[in-house]
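Residue strings, one per chain:
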Amino acid sequence: MGTIALLILTIAAIIFSAGGILVSRLFTKGSINTQKGQPYECGIPTTGTPWSQFHVGYYLYAIVFLLFDVELVFMYPWAVVVQKIGFPALIEMIFFIMILFIGFLYAHKKGALKWM
Amino acid sequence: MISLEAIKNAVQSWLQLHIGGTLALVAESILLGILVITLFAVLGLLLVFMERKVSAVMQIRLGPNRVGPKGWLQTSADTLKLMLKEGLTPDGADRFLFNLAPFMIMIAAMLIMAPIAFAKNFQIWDINIGVLYISSVASISVIAILMAGWSSNNKYSLLGAMRSGAQIISYELSAGVAVITMIILTGSLSVNDIIASQENGWWIFKGHIPAIIAFIIFMIAVTAETNRAPFDLAEAESELTAGFHTEYSGMKFALFFLAEYINIFIVCAVAAILFLGGWMPLHIGNWQAFNHVMDYIPSSIWFFGKTFLLIGLIMWFRWTFPRLRIDQLLNLEWKYLLPISLLNMLLMTIVAILKWYL
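Residue numbers (my numbering), protein chains in the order written: chain A, 45 to 160; chain B, -2 to 355.
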């Protein structure tokens, strides 16, 4: 199986999910009620919209994540060949991690990794 | 001896002989589709049942024991019940995204199956960048979770999804570094090569201390990535009802629940491949008699045995550790696990370059 496997798996996932939902739709009977469609909030009437501002911390974590995720992408090809190249590759990687770590320390110093 | 490989070859040659050509490929594709769907359903039912039985054992009680012999049909009955429930969409929800999210999470879970080797020469797609593929596809599920939380028009869902997103992307880093630590040893990203390199001993034994540290970090990180206790902040029942799937009901909820358990299976399979040798039998040095006996056990049993052992470990975590707070959770990752895993990776590089691992 080559790349066609991906197509088959995607179709299988769609059939599995859609099949389940459609079969359950055959057996169920929906009733309409004004209270029923309300978002769940411990039984009291809902106030305000949830689509509002949220804590900036999540955003900062995502940015710092990006820093290290790009680093990871560079590490994969490095990890495959490091045994053949030997110590020069290790020294280069140490420098690479140090440069990124400075960015990490900056984010830490600015308080991006502190909750609240 | 019947192995999965022999069955696969027999089916393939039978199809080639009796149908032949393009139609054989089509028939094979349909068979593959049916097989993965069956695997999904069976795994889901089995893992939910296992979870309930393991937690029962941990708490010295019986667990489900009414439906079927020893409660074996309990999860089937639960699925049937969920099927009979109405899958309703809340009024203010973003209908398109709300209905798309369960599909997304199932597609992501299904796609990761492709490069996993279930037995000797039994793999859906022998891709040469298997491990990279797994880690890239695994991150699609974050999008599905954020989609579900955002579109539900519910404050609990949004909070749960945000927490879940922050948690998954954070722990993906140390899981990725732990994977890279093992790739340094194997020198290949292909799942088959990684398993083949463990013929004379699993990496957890051969790789000395760095491999053991990487294994521990990987297990912690994947526990957090799959939103399992003690890192189940995203669906902390006591504060957020059910997290990102608060508004989901019926079959759509069942799909989220199923995908969660499938993800546990997949991460444990990856850990088994990287650290415990996948389908490789346990060999001890030059003890020929022992090695031959171990070779007689089919490779699929080795793979599923190791995977279920690790799943049992993750289920054990749930009843052992109390839940963390969100700031503790993020501190654990950013201040401890990530620096430790990076240092461990450099240590492993030295071990690998000096060839200390054989």
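Hints are computed from structural coordinates only; laboratory data are not their basis. No experiment lies behind these values; they were computed from the predicted model shown. Among the clues, some could well be false.
[As the list claims (entries may be wrong)] Below, computed lysine-lysine pairings styled on DSSO-like, alpha-carbon distance capped at 27 Å:
#1 Lys5(B) x Lys82(B)
#2 Lys128(A) x Lys203(B)
#3 Lys82(B) x Lys73(A)
[To be verified] Selected chain B positions facing chain A (in silico; Cβ < 7 Å):
#4 Phe119
#5 Ile121
#6 Met248
#7 Leu339
#8 Val348
#9 Ala349
#10 Ile350
[Said to hold, decoys possible] Chain A regions said to be covered by chain B (calculated; three or more residues, Cβ under 8 Å):
#11 50 to 59
#12 64 to 71
#13 99 to 112
#14 116 to 129
#15 134 to 143
A virtual CB, placed ideally from N, CA and C, is assigned to each residue, including glycine.
Now for the hints, and whether the structure bears them out:
no., hint, in the structure
1, Lys5(B) x Lys82(B), "violated, 39 Å"
2, Lys128(A) x Lys203(B), "holds, 19 Å"
3, Lys82(B) x Lys73(A), "holds, 9 Å"
4, Phe119, "violated, 11 Å"
5, Ile121, "holds, 5 Å"
6, Met248, "holds, 4 Å"
7, Leu339, "holds, 6 Å"
8, Val348, "violated, 10 Å"
9, Ala349, "holds, 5 Å"
10, Ile350, "holds, 5 Å"
11, 50 to 59, "holds (count 9)"
12, 64 to 71, "holds (count 6)"
13, 99 to 112, "holds (count 8)"
14, 116 to 129, "holds (count 9)"
15, 134 to 143, "holds (count 4)"
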